[in-house]
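Please model the entire structure based on the sequences and the hints provided.
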Amino acid sequence: MKKIFYVLLFSTISIFSAKSDIVVSNWDGYSAPDIMETFQAATGVKGEMSFHATNEEIMGKVTASKGEGYDVLFVSSPFAEALNEMGLLADIDHSKIPNIENFYPEAMNLDFDPGNKFQVPYAWGTTGLCYRSDLVSKAPDSWDDLLSPDDSLKGKITMLSTDRWLLSAGLLSLGYSVNETNESKLNEAKAKLIAAKKDLLAYDDTTFYSKLVSGEAVMTHAWDGWCNYAIWENPDVKYVIPKEGSDLWIDTMVIMKSSSNIDEAHAFINYILDADVAAWTINNILYKVPNEKAMTATAEIADSFPNMGMSVSELSSYETLKDVGSAAKLYAKTVSDILSD
Amino acid sequence: MNTIKNNILILPGVAWITIFLFIPCLVIISYSFFERGVYGGIEYNFNFDNYNRVIEFTYFKILVNSAKIAFLSALIAIVIGYPAAYFIHLSPKKYQLILLFLVMLPFWSNYLIRTYAWMVLLNNQGIINNTLLWIGLIDEPVKILYTQSAVIIGLVYNYLPFVVLSIFSSISKMDHNLIEASKDLGGNSVNTFFKITLPLTLPGVAAGFVFVFVLSIGNFITPDLLGGGKFLMIGNLIYDQYLSARDWPFGSSLSFVLISIMLLLLFVQAVLIRKNS
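Going down the list, the protein sequences come from chains A and B.
Residue 1 is where the first sequence starts when you use our numbering, and the numbers rise one by one after that.
Residue 1001 is where the second sequence starts when you use our numbering, and the numbers rise one by one after that.
Only true hints are included.
Computed list of lysine to aspartate or glutamate pairs in EDC-like fashion (alpha-carbon distance at most 20 Å, straight line):
#1 K333/A x E1035/B
#2 K329/A x E1043/B
#3 K1143/B x D199/A
#4 K243/A x E180/A
#5 K1143/B x D151/A
#6 K1061/B x D341/A
#7 K1068/B x D341/A
#8 K197/A x D144/A
#9 K192/A x D144/A
#10 K329/A x E1056/B
#11 K333/A x E1056/B
#12 K243/A x D141/A
#13 K66/A x E1043/B
#14 K154/A x E1140/B
#15 K238/A x E314/A
#16 K154/A x D1139/B
#17 K329/A x D1049/B
#18 K329/A x E1035/B
#19 K333/A x D1049/B
#20 K257/A x D21/A
#21 K66/A x E1035/B
Derived list of chain B stretches under chain A, where covered just means 3 residues or more per stretch with a C-beta under 8 Å from a C-beta of chain A:
#22 1034 to 1048
#23 1060 to 1073
#24 1123 to 1130
#25 1229 to 1238
Hints in this document: simulated from the structure, not taken from any laboratory.
Virtual Cβ for every residue (Gly too), placed ideally from N, Cα, C.
Rendered as structure tokens:
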């Protein structure tokens, strides 16, 4: 939490210091450390990078300031949707982003924003099970392997506690949509997740992969990209999407309507979509990107990290998390019920 | 003239508290009467809904459970801290300062680092479990980390120095002739402690108790790290409302309820001290 404080402090300082053409806010480490220098060298536009630790943190800042102070944000898709609904986002002008032609056709037709009108996807992936193939007796293939585990796995499992993904595990195991808003269906998922809690080692959103490497946990509820960090340290770690399916999570880039340098903001997004720049993300963050040209150029990474080779048709067959709108209070309460039981 | 000078001295402090404590608290209180917009943010329609939500079973249960954990932590801290403070008081003067310094020493390191250290200690393959296994006291690791006990251990550890210091200061102020008088009049050690020492040091005990309780009930890092996120306390709930749920008005009403509990306790403590002196 101290870290968040420093991030806040430094991002505040960075806004008020050097005068830049654009201010971008991203998760720390989610793009190349020298991205602003190389961007300036390539385009002549001076940009300033600030960081947020979570979607919610940057949401808090821009909703309080009506977007003032930022030009481009990196946020997950439900947050892009909410920002759009609040009228804070500028329209994306595709003529100013020629590199968008590097995209897979599927990336131009996302169900929450067909035609990429208010956001441009940055990276995408799935949520499934990340496990130690050498320590489980049977490879998991269902959400029920996580929620009602074999006796040998009890107490050695972690789950994500971030509201949407926690509930998704329960909803998917029941065959429901990850965006379900029906109260009785949510209650069914809740009951299942509460029952699963007694077999958990812990809820862990940030260090589960190191627990997996140390063997403290043998099966974790994980994002594919993060599972790669465990695979990187121990090739016995495997990732599987349960047969009931996954969500398709998408981190996006959006331009604030309040920006006074809309053209430069587009230039930045165009730069990110350059195949070489996108390849940095693939090789260093181990996340899949919607950039076909970059994915093709780095295809050999799938030899070490099999989930990087997941086909786009499989990826886009999963449902994207959407902002649940007026069901948000119900979601929050359901999650509190689970975590406090 | 002198009073004006004195008043000027207090100005920076008052200004600081007004700007950085009093006004933000007013903002929080005012937010608590509004409503979350469909996509986050605040809708300014005055109502008391958030306070009705606080007493809904889901949330009230969390409040009660947090109070229980905070109460246990404070109680354990007193039981451990009182003898320690008494021991320091009985030691020769020249060692007292060193001992008090040692009590304060943990504060020189970061709270998070100390909490992570406990994760290393309490782990199934951690130092405590390995030592117990090695001695042969246990046959298989005891599960401590990610349980409610781990949360309480973490809270007691972190706030124990406050208890030792506040009780020590009470014991030091006590008139020792009273203890000798009690013994002269035939009181044994147990009697003397419960009839003379404890009542006279009660203000220190109360201060220490309130310190630990207030700091524990609002804590969200320890339940998250040592409890493995499985024990939601009111601090975590508020954190979640501001961050994941983006429901600032509800988070504000929860904060206000928490602040009220703390103020009430501080008030009770102040009354106790006044009665005693």
